[in-house]
Amino acid sequence: MHSVEIKNLDLAFGATKVLQDLNLTIARGEFLVLLGSSGCGKSTLLNCIAGLLEVSEGQIFINGDNVTWAEPSERGIGMVFQSYALYPQMTVEGNLSFGLRNSGMAKSEIASRVARAAEILQIEPLLKRKPAALSGGQRQRVAIGRALVRDVDVFLFDEPLSNLDAKLRADLRVEIKRLHQQLENTMIYVTHDQIEAMTLADRIAIMKGGQIMQLGTPDEIYSQPRNLYVADFIGSPSMNFIPGTMSGGTASIHGISIPMGSTVRDGAVTVGIRPEHIATGDLAPIAPVQAEATVELVEPMGADTLILTSIGGTRAHVRMDGLAKVVPGDVIPIGLDPARVSLFDPKTEIRL
Amino acid sequence: MADVAFSGPHGPKPRRILNPRNIMLYGTLIVVTMYYLVPLYVMVVTSLKGMPEIRMGNIFSPPLEVTFEPWVKAWSEACTGLNCDGLSRGFWNSVTITIPSVLVSIAIASINGYALANWRFKGANVFFTILIFGAFIPYQVMIYPIVIMLREMGLYTKLSGLVIVHSIFGMPILTLLFRNYFTSLPEELFKAARVDGAGFWGIYFRIMLPMSLPIFVVAIILQVTGIWNDFLFGVIYTKPDLYPMTVQLNNIVNSVQGVKEYNVNMAATLLTGLVPLFIYFVSGKLFVRGVAAGAVKG
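Just so you know, the sequences run in chain order A and B. Taking the working numbering, the leading residue of the first sequence gets 1, the next gets one more, and so forth. Taking the working numbering, the leading residue of the second sequence gets 1, the next gets one more, and so forth.
Next comes chain A alone, as it looks inside the complex (with noise of 0.2 angstroms):
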């Protein structure tokens, strides 16, 4: 069965669409990340599937109960705010529990689930301070406890890290790992940052403007991107499309030609070639396909060197070790990959 499922789902704010006609089932103990630039309508997703947003047509499921009219409390939710949203005038065990209070449960029976949750967060410490004497990571460790106590199915986490610095993100989004690995639940994650969802999700939903763009995992989705979009979007520097012609199975650009092996027809197209996957220094020899390129620019970034490069007239990012040395005005060998090259249609921006 299901653990949460979408159908044809439409948002609209007055004549704005928002969501358009948007299908999504997860499994049960799916983490699934929704990714995509501001506006695309990732978190308005979120908030439909929480309840917080009255859909304007289309239904969701939860564990198979048809929850498109239900109150977020009696959808088995639980949620994580971006701000973390707690409650200022609580103590931070007040925050946990006030959900359940609500629901009318026995104390101790609360006293028990919030014992277990600042167990497995590790925030036992702090179950009497109120949230102005916690740092922020205390603080969006409480958020996610408050979602931990009510002992959902399904976890809903709106950016929950953007307002972390880098390192206590790296640090938090480790623990969300665990968290996961450790119940089991279904999670809903939206970001926009993609080393987060790379890192956390079975699967990721690229959004764009209303629409899911791509669904799959992360690999599928950094190396078959499906269309433009998802190419340029995954992949920090992004992918270098060169314009290209393909003829008989053979990409050319600007002279450089990759043997496809595939039955790609003739025509234009654009090439899409990862910064990482130009082969440099002793595996430009060994690679499928042999070219050069001059050396415009150098940015060395301690583990590795991006370099941007010109081929044959068009710029490109290169990815090389950071113990390369190379200046401005080289011209170095680059080997190129059949494998691991994409090609996309130039009009409807398509992969081929």
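Just so you know, these hints were derived from the structure itself, not from any lab. Keep in mind that a hint or two might mislead.
[To be verified] Example chain A residues on the side facing chain B (calculated, C-beta under 8 angstroms, incomplete):
#1 ALA50
#2 PHE81
#3 PHE98
#4 GLY99
[What the hints assert, rightly or not] Negatives, chain B to chain A, calculated, CB over 12 angstroms:
#5 ASN83
#6 PHE190
#7 LEU222
#8 THR246
Cβ coordinates follow ideal geometry from the N, Cα and C atoms, glycine included.
Place chain B on chain A using the hints.
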């Protein structure tokens, strides 16, 4: 560190106290302060003088002989129309008018504001527009229709009628005040409370109210001063027995019989003004308390 000898400018830049900017700033402040304080000073010293001393005409000079008799007379002996028991009667009338009016108007307006800000019900915008429009209609237009309405309800010349009138007239501005405050609170708190299963009243009493102390203080200051200082509604919708303090003050000061007792008039005026002043000093500090601290990112 202290051993380093700097040459040239170092540390804070020295500033002269008497620079043009300070002279302008403090000069303006002093003039404005005097503008308010001199009349107050005249009132206080006059209320402490006996009539013979007032007749000498030095209104700025401090009292040669301090007497509290005018204050006693203003409070319990001065004649206001038919009654000669001073302002004390008006004081208690004003208290019994102000307290329920303030409580009722703030209770209703805060719920209105909360509903308008967080529960966007159908017709909310129309309702809000009408309410705000009400704030711009001059009171005088509505005086007579209200007289008829109160008469039909049997509340004309009763304190409860005046309480209703004050509560209604406080509604537009207070609702606007509360709506704007609740809108400024993080919306995610409201969402979190809904996910936690709290309903309309649960969210209002347990989430919103505890975070709204500052705006309640503002509303109390507005309403207490407004209702306490009201003269028009008090004189129209009540009868002499129930006149609020402001109406009685007017009757004392404007009485045309006998000698003008300036000292009693000044004392009566000061007595009438004490309540709003007290409210202001007591609650002023609460303005600056940041109650929402820790709710959201910080």
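Evaluation of the provided hints:
1. ALA50: holds, 6 angstroms
2. PHE81: holds, 4 angstroms
3. PHE98: Holds - the Cβ of PHE98(A) comes within 8 angstroms of chain B, reaching about 5 angstroms at its closest.
4. GLY99: It holds, given that the least Cβ distance between GLY99(A) and chain B is near 3 angstroms, below 8 angstroms.
5. ASN83: holds, 48 angstroms
6. PHE190: Contrary to the label, PHE190(B) does not stay out of reach of chain A, its closest Cβ about 8 angstroms off (not over 12 angstroms).
7. LEU222: Per Cβ check, LEU222(B) is outside 12 angstroms of chain A; nearest 24 angstroms; holds.
8. THR246: The claim holds: THR246(B) sits with its nearest Cβ about 38 angstroms from chain A, beyond 12 angstroms.
Consistency note: the structure conflicts with earlier hint 6 alone.
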